[in-house]
Amino acid sequence: MATLQYDINTKKISGSGTVLESQEINIAQINALTQSLVAESNPNFTPQPHDDSTKLIKNLFESGLKNAKQNRLPEALKNITLAIEMAQRKRAPWEAFAVQLQEMQFMLRHKIDLSLVQGKYLDALQDLDMLLNTGLVQPEIMIRKTDALLKLGQLDQARIDCERGLSLQPQNVKLKALMLECTRRLANYNGDI
Amino acid sequence: MPQSYEYDESSETWPFFVLTLLLMVLIPLTILQVHKLLLGKSGGVDDTDDPDQNLIQKQLENVNDALVSRDVLRFRQVFDRKGKRGILNVKNVVIVVGWFLVASIVQRVMNNDAIVEAATGLFDPYSILSVSINANDREIKSAYRKLSVKFHPDKLSKDLSPEERTVMEEAYVQITKAYEALTDELTKENFLRYGHPDGPQNTTHGIALPRFLVDGVGSPLVVLFYVALLGVILPYFVSKWWSKTQLHTKKGIHVKTASYFVDRLINYKPSEVVTVDLIINWLSHAEEFKIFYPEFKQSDFEGLLHDHLNRREEPDKARRYARYRIVAKCHSLLHGLLDISCGFRNTDIANMTLETFKCIVQAVPHSPYRQIFQLPHVDRKKFSEGSIDEVCTLGKLFTYEDAKISKILGISDEKNLKETLTVASNIPNLKLLKAEFLVPGEPQVTLASTPHLSIKLLIRSAKHKAIPAENFPQEMMEEPQDFEFQKDPFAVMLKEPLLPYSYAPFFPTKRRDGICCLVGLQKDGKLLQTPVTIQRLSLKNLTKDFDKRQIKELNNDNFKPEDWEIGTIKIPLGQPAPNETGDVFFRVIVKSTDYFTSDLDFTVAMQVRDSQEQYKQATEDEYETDEESDKESDEDDEDDEDEVSDSDYTDIDTDTEVEEDAVDEKK
Amino acid sequence: MGFKNALPLSIASSTRLFLYIFLIFKRNILIFCTASTKYEKLIKSTGNDHNRFLSQNCAVCKIGKNLLVKMSAFNESSNGSEFFDSAEHVETKIVSVYTPLIYVGILIISLIVFASQYRRRKIQQMTELPSIFDENDAKDLYFQIKQISETQSVHEKVLKAALLNRGAETIRRSFKLKELEPQISILYKNGSIGEEYWQRYQNEVKVIEIDFKETLQEAESLQAGWPQLFVTICKEICFNQALSRRYNSILKRKEICIKEWELKLNDDGRLIQ
Chain A
1 MATLQYDINT KKISGSGTVL ESQEINIAQI NALTQSLVAE SNPNFTPQPH
51 DDSTKLIKNL FESGLKNAKQ NRLPEALKNI TLAIEMAQRK RAPWEAFAVQ
101 LQEMQFMLRH KIDLSLVQGK YLDALQDLDM LLNTGLVQPE IMIRKTDALL
151 KLGQLDQARI DCERGLSLQP QNVKLKALML ECTRRLANYN GDI
Chain B
1 MPQSYEYDES SETWPFFVLT LLLMVLIPLT ILQVHKLLLG KSGGVDDTDD
51 PDQNLIQKQL ENVNDALVSR DVLRFRQVFD RKGKRGILNV KNVVIVVGWF
101 LVASIVQRVM NNDAIVEAAT GLFDPYSILS VSINANDREI KSAYRKLSVK
151 FHPDKLSKDL SPEERTVMEE AYVQITKAYE ALTDELTKEN FLRYGHPDGP
201 QNTTHGIALP RFLVDGVGSP LVVLFYVALL GVILPYFVSK WWSKTQLHTK
251 KGIHVKTASY FVDRLINYKP SEVVTVDLII NWLSHAEEFK IFYPEFKQSD
301 FEGLLHDHLN RREEPDKARR YARYRIVAKC HSLLHGLLDI SCGFRNTDIA
351 NMTLETFKCI VQAVPHSPYR QIFQLPHVDR KKFSEGSIDE VCTLGKLFTY
401 EDAKISKILG ISDEKNLKET LTVASNIPNL KLLKAEFLVP GEPQVTLAST
451 PHLSIKLLIR SAKHKAIPAE NFPQEMMEEP QDFEFQKDPF AVMLKEPLLP
501 YSYAPFFPTK RRDGICCLVG LQKDGKLLQT PVTIQRLSLK NLTKDFDKRQ
551 IKELNNDNFK PEDWEIGTIK IPLGQPAPNE TGDVFFRVIV KSTDYFTSDL
601 DFTVAMQVRD SQEQYKQATE DEYETDEESD KESDEDDEDD EDEVSDSDYT
651 DIDTDTEVEE DAVDEKK
Chain C
1 MGFKNALPLS IASSTRLFLY IFLIFKRNIL IFCTASTKYE KLIKSTGNDH
51 NRFLSQNCAV CKIGKNLLVK MSAFNESSNG SEFFDSAEHV ETKIVSVYTP
101 LIYVGILIIS LIVFASQYRR RKIQQMTELP SIFDENDAKD LYFQIKQISE
151 TQSVHEKVLK AALLNRGAET IRRSFKLKEL EPQISILYKN GSIGEEYWQR
201 YQNEVKVIEI DFKETLQEAE SLQAGWPQLF VTICKEICFN QALSRRYNSI
251 LKRKEICIKE WELKLNDDGR LIQ
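Residue numbers (UniProt numbering), protein chains in the order written: chain A, 1 to 193; chain B, 1 to 667; chain C, 1 to 273.
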């Protein structure tokens, strides 16, 4: 177990020596909590989200959307990514989870669309995976995931996700079209001439 | 309560005691050995009668055996020797010696006068009167009269000596007794109950030990023997047996290994992507390895496994043998891990375990070109430099002519090419024809019934032209609706022949292919039940010559559906159908355990219907879904409608998926 | 491990053994008497009354009685005659009545001692069982900070932060355990995991409960009246931390994906065709 050191000025703790990854994560979490606690004047704080941080995040996000409308896609993507990072950093860890989750899901969806359009398929895929992990299992996400996987050349996995999407909404037109695309490319991949 | 104990002075009882012991051990042992010998001669369980299956096995074996390294063969010999040792093994020797002893004891018994005397001391009225056992009263009476005439003391001749007289008199007494034993009520009862017409005889109870052991010098020895037996030997063996059964789980892996796997699964963070390397890391912590080679560390085992995957040469003989032993053990370890991960409903890990299985059997790392690398004689460098068109699968490989294939794979030798093509065309590819849930006896799945999953698949070679499922008429895929089927729908699977031995020259032991089936729910993406391993499937189709390079189009001349064998897989479901009508979507994964090939991973819907409302429901559904498809099109849909489901099939998840639960709670 | 299980077995069989020894050593065995001399005379004088006398007067030792009957049955058949005929060769070994008491006493005491030792060892084993979860870093860090706070002056908010972190971790574990419960019990029933793991699981559930109570107590000591709010806050923190952990792991997952699928990406994250 690494030795802890406490810095009085920054009120942060840090580990020295060989620090395991899990310990590092915990140390970072404690530091984040300390910072938020210091910023919080009310000793009996509640999970109520702070309005000023909400405003900040929203501003960034809106500027991202504006950029997207003006077709300045790379900047839009940057803005939205920044917005998400801001949410992660600024918000206190005890602010209502439901609010934070919704916020993140909302922003991620936009980020994914922008990434896909710009051809950053792997990023989009990772974000899609994250959305799925948070419980947002919806046909739209499966559509985008199938698309991203097809573009990355993972045909088998694309077909599997497409089927999952179809099982959620059997009559989805886009999914059916994607399914045909998958089957066609798989036939080529497997040499089924 | 017997009043006297006698020692076995005249050696009357101990031979029988020893005889009983010996026979108790020898008779079952002999029967088992004879049985095994006879079965072993006739080929036993391993060979199958199916000629096609044998043909494929032969072809694969030819290539396989040519490529198996001598080391592995030597290892197999050592390995197998631990099991059977031929004629001169311990069991046979024990049997022979045992029967010899039995013979000698029987001989001794015969020679022992005392025993013979005791045996003949039995009272047998039938032999005394010289009548058969089935004689009736009249015959007995007449026999008695005749004999009494001869032996009655008054009727004896005068010139007999006193000894002879007494003998005659005794004989007469016996005859009378015999007659009475057969006729007189009381005597008959006595005879039947005690074996002697005079009533209960003196019985002696003896100790089957010779005197010197109990009374004399030998008595301390006997005490010591008892102490040792009861206080030391018995507890030792019982506790050893008990701890041995406690040490292994039902799947055959060590308890500590199972605990380690469960640990890993519980602490598995979604940030860790499951890869073959991760599974191998888990495997290298197995307790079995530590028991085999206590001097090695975990990193050594991991290194050995990676060496095996990359087919690295190992100069050190001891390490080579260690590698073989470890790899051979991986089979049961991976099955144990598969079982546990299905218990934790983790699809990704179960899937990756199966992939690791294949990697280890074929000694191929998990690269995108693994289907090609499993073939023999492939020059990997040339292959990665060469490929003009991305060739990842065997099917794609076979779209090229043989000459082109040799260039792609970098094989220059004719014979090697032939071997490679043989192996490539004999690897079974699975193609789904039809999958549905069946309830034997009912036309559809009803509420709370017990359906099973019936999969009809076509096993074909990568060389064959693709045959769409529609080309097979429905009749070929129908289930027989007779009573047998309803009683046991799974019996049809037993009629298929065993899968042949695999082509796996780098695996230390000879092994049969298997097909593993996993069933999960599409809604939450998790597995539902323990894996089902199938070992019987006919590979008859692999012998067909249906080369895709030669056949351009399917028509009635070159394709006859009846010629093709349709395989059946039936998977029982661990849970009954839900109690509400609707559609439940299942994801079924069917993978080969030994080969990299086209496996099945498909979705099948269980349409649970109320038996009366079947027709109404169908039409209603159609209308509803049409409306839905109009509504959804807007991708930037800002109103999320999270589907919160309350069915039994969903539950809370790991680490971050704790959030799912929170979302549900908040809603 | 094996021999420890063997002990109860061996003790049970030793009692039987003792009886066998009696039967075998009948001649060297002691005659249980209350008064040595009285019985010597009796034995010398009587023959078959021997039985009756002993059974009547030797009411003290029950074991002795049964053994005696057996013994004398022995005696009668083979040695009875010579035993009582030759009065000069009478061998009596005088042993007090306390012998069976001592024997029983030793037996019971040894059994009790063994049982208590066994139980103590079992409990020790149980406590030494490792936890199901890997290291509880949150808890360790909290205690470390507390230690530091005794030597250095640590701002109280840091301590609160560490406590919140610890609370969040405990809540996460208790959620996890609840979710695992049906799965582990099914695995256990199927025999796929051993006895040891089931024990660990049960232990873990209790440990987490105790840990949570402790955490609440510490919260109370840090700030009076905090615990109710503390629990709600910790729940939120737990979920939010999970979310951010997952988000922060995206980079690592990307790298693994690239390696697995042998993708070639340029700096911008686009595929190189």
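Keep in mind that a hint or two might mislead.
Lysine to any residue pairs mimicking SDA-like chemistry, simulated, CA-CA at most 25 Å apart [stated by the list, open to error]: (1) C:K206 x B:A469; (2) B:K36 x B:N112; (3) B:K415 x B:K297; (4) B:K36 x B:F17; (5) B:K523 x A:L4; (6) B:K465 x B:K526; (7) A:K55 x A:T18; (8) B:K269 x C:K122; (9) B:K510 x B:R311; (10) C:K146 x A:T18; (11) B:K256 x B:V232; (12) A:K90 x A:D156; (13) B:K290 x C:Q199; (14) B:K526 x C:W198; (15) C:K122 x B:T568; (16) C:K146 x A:V173; (17) B:K570 x B:F506; (18) B:K552 x B:P468; (19) C:K93 x C:L111; (20) C:K252 x A:D156; (21) B:K544 x A:N188; (22) C:K139 x C:S149; (23) B:K456 x B:T530; (24) B:K434 x B:E401; (25) B:K434 x B:P468; (26) C:K206 x B:T422; (27) C:K252 x B:K36; (28) B:K495 x B:N558; (29) B:K434 x B:I566; (30) B:K244 x C:D211; (31) B:K544 x B:D524; (32) B:K269 x C:S149; (33) C:K259 x B:I566; (34) A:K90 x C:Q199; (35) B:K526 x C:E209; (36) B:K526 x C:K146; (37) A:K90 x C:Q124; (38) A:K151 x C:Q124.
Think of the hints as simulated: they come from the structure by calculation, not from any bench.
Hint-by-hint comparison with the structure:
no., hint, result
1, C:K206 x B:A469, "56 Å, violated"
2, B:K36 x B:N112, "38 Å, violated"
3, B:K415 x B:K297, "43 Å, violated"
4, B:K36 x B:F17, "29 Å, violated"
5, B:K523 x A:L4, "45 Å, violated"
6, B:K465 x B:K526, "35 Å, violated"
7, A:K55 x A:T18, "40 Å, violated"
8, B:K269 x C:K122, "33 Å, violated"
9, B:K510 x B:R311, "18 Å, holds"
10, C:K146 x A:T18, "21 Å, holds"
11, B:K256 x B:V232, "28 Å, violated"
12, A:K90 x A:D156, "40 Å, violated"
13, B:K290 x C:Q199, "23 Å, holds"
14, B:K526 x C:W198, "23 Å, holds"
15, C:K122 x B:T568, "52 Å, violated"
16, C:K146 x A:V173, "60 Å, violated"
17, B:K570 x B:F506, "32 Å, violated"
18, B:K552 x B:P468, "14 Å, holds"
19, C:K93 x C:L111, "30 Å, violated"
20, C:K252 x A:D156, "23 Å, holds"
21, B:K544 x A:N188, "23 Å, holds"
22, C:K139 x C:S149, "15 Å, holds"
23, B:K456 x B:T530, "21 Å, holds"
24, B:K434 x B:E401, "32 Å, violated"
25, B:K434 x B:P468, "11 Å, holds"
26, C:K206 x B:T422, "60 Å, violated"
27, C:K252 x B:K36, "57 Å, violated"
28, B:K495 x B:N558, "28 Å, violated"
29, B:K434 x B:I566, "10 Å, holds"
30, B:K244 x C:D211, "36 Å, violated"
31, B:K544 x B:D524, "41 Å, violated"
32, B:K269 x C:S149, "32 Å, violated"
33, C:K259 x B:I566, "39 Å, violated"
34, A:K90 x C:Q199, "43 Å, violated"
35, B:K526 x C:E209, "29 Å, violated"
36, B:K526 x C:K146, "42 Å, violated"
37, A:K90 x C:Q124, "48 Å, violated"
38, A:K151 x C:Q124, "58 Å, violated"
Hints 1, 2, 3, 4, 5, 6, 7, 8, 11, 12, 15, 16, 17, 19, 24, 26, 27, 28, 30, 31, 32, 33, 34, 35, 36, 37, 38 from the list above are not met by this structure, while the remaining hints are.
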